[in-house]
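As they're listed, the protein sequences go chains S and H. Each step along the first sequence adds one to the number in the numbering used here, with nothing skipped, and position 170 is 170. Each step along the second sequence adds one to the number in the numbering used here, with nothing skipped, and position 232 is 232.
The reader is advised that the hints may include incorrect statements.
Once the Cα atoms are required to be at most 30 Å apart in a straight line, the calculated DSSO-like pairs of lysine-lysine come out as [to be verified]:
id: 1; chain 1: H; residue 1: Lys110; chain 2: S; residue 2: Lys6
id: 2; chain 1: S; residue 1: Lys308; chain 2: S; residue 2: Lys6
id: 3; chain 1: S; residue 1: Lys210; chain 2: H; residue 2: Lys110
Since the hints were derived computationally from the structure, they do not count as laboratory data. Quick caveat: nothing in here was measured; it's all calculated off a predicted structure.
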Amino acid sequence: MTDTAKSNALHFGLLAALAIGFFILPTYHSGNLARIMILAIYAMGYNVLFGYTGLLSLGHALFFSAGMYGLGLTMHLGGWSPAPAFLAALIASSIVATVIGFLVLRTTGVAYMIVTLMFAQAGYLTILYFGTYTRGDEGFALKQATRQLIGLDLTDPIVRYYTALILFATALLLLAYIIRSPFGRTLIAIRENEERARMLGYNVTAIKLKAVILSGIISGASGAAYALLFGYAGATFATVQYSILPLLWVLVGGAGTTTGAFIGVLFMTYLIDYASGQTNAYLIVVGVVLVAVTLFLPHGIMGTLRNKYAGWLP
Amino acid sequence: MILSTRGLTKTYAGVAANTDVDFDLPQGQTRAIIGPNGAGKSTFVGMVCGRIPATRGTVTFEGADITTMAAHERIRAGMAYTFQITSVFPGLPVRENVALAARRWLGSNKRAVTSKTDEVLTRLAITDRADQLAGDLSYGHQRILEIGMGLAQDPRLFILDEPTQGLAEAEVEDFNQLIKSMDAETTILLIEHNMNVVMAVAEYITVLDQGMVLANGTPAEIRSNAAVQEAYLGTGHA
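Next comes chain S alone, as it looks inside the complex:
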């Protein structure tokens, strides 16, 4: 088998397992899995920038919430139906990503991290400032009656699960396609050696801006899907915590791997789930495990598998 064939087998195998999962797993776990798939889209969006382009952003909650409110507000206040509202979310997050990307790419390294953090914080405060519409921290629920798509009730667990799976599959296959494309190879080249890429004639700044926009749209799609499928939008999702989470997911799962994002969210969700069932001090347990993972698997779960056993892993 060629590497491409192996990587296709992995991706379609994972999607097939998830497709069967709903019928095999207990309700509690299939509900979890729907949420994990949606958040994995967010992690994949983050991974485009962090794992493939080598840009460490601390402000991705801004893109996630741009999608969440792009859909949430158009549905909640505008009375839009889910499909156009989802499109509005993609447009909102692409506009935010373009503007932010244009501004933050003037910086690099630590300055880049700080500036992204600041913009995300400004975004969070903006949501609070317009509390009349956004309901601030309290947020707002999307009514069940509005969460209908082509005659399907998105609040129904099975519809929700498979909608999440379709969106997840789209993002995963899109990411797999992009990183094999000439554009994706260039992103990796920039991560590996930006100056060399520039001196091969690549317009590094323009390519990085494209990466920010792509990453922002995928993250925004995740935010929109989250609001749509779980019926809630709130400012909590714009806080710094939601900028740090995708970084942790990707680090644990494996930066610069297509499946690492999903593995990272899965691992962290069940780690928190299990630890919080054992003790109130579950965050200590989570912290210790994260330190251990960083120490012993510095390239994350999938990254370590790739380095040690399977060089073909995408």
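Mind docking chain H on chain S? Use the hints.
Leaving out everything else, chain H in the frame of chain S:
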């Protein structure tokens, strides 16, 4: 002239690295730039390829004024550049390193990229290492690979900043052969410390000293130039 500079000057906080360099490079020539350490050789080629913004002066490439062009645009215009300190993509396979160079101008034409990549790998005799990570190659092979990345761009002007630095003697000999084989295809601008290399490959030599052009001439003329001998005296060149 494929490349000309007029009055090219670079000052760092008042200290001049290059002062009013007028330089002309005819199409097809292999030119070496030599000079003692700190003569401003790397700064000069840095300004030519756009990595270092000039304080004043102009750079003309193939008749067009490229002074305000960004570095990547100059590369796209037909230059290739190899770094003084080896610069490859260490985490990527050798083949992908070369392919990235070819893909920039051959675009999404996969077949053309593959055939160009294979051609370069064969020419440099590193086909058997094509699947190794570039970072795992020996230093000498990394230097060769970086030259390969230049070749894969089919440049009309190939700038090499101290390409033989740190190479073993046998490798230097291979390098000389490589440069000679490129002679017919492209114009070469070479910064070089190793006088054996300079005398073996250069058709014409420019000597920089203290940021200014000290002399221009054929290898024989430069060898017998009193001012050049003065500038080099005691610097222990080979």
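Hints and how they fare:
no., hint, result
1, Lys110/H - Lys6/S, "holds (21 Å)"
2, Lys308/S - Lys6/S, "holds (17 Å)"
3, Lys210/S - Lys110/H, "holds (22 Å)"
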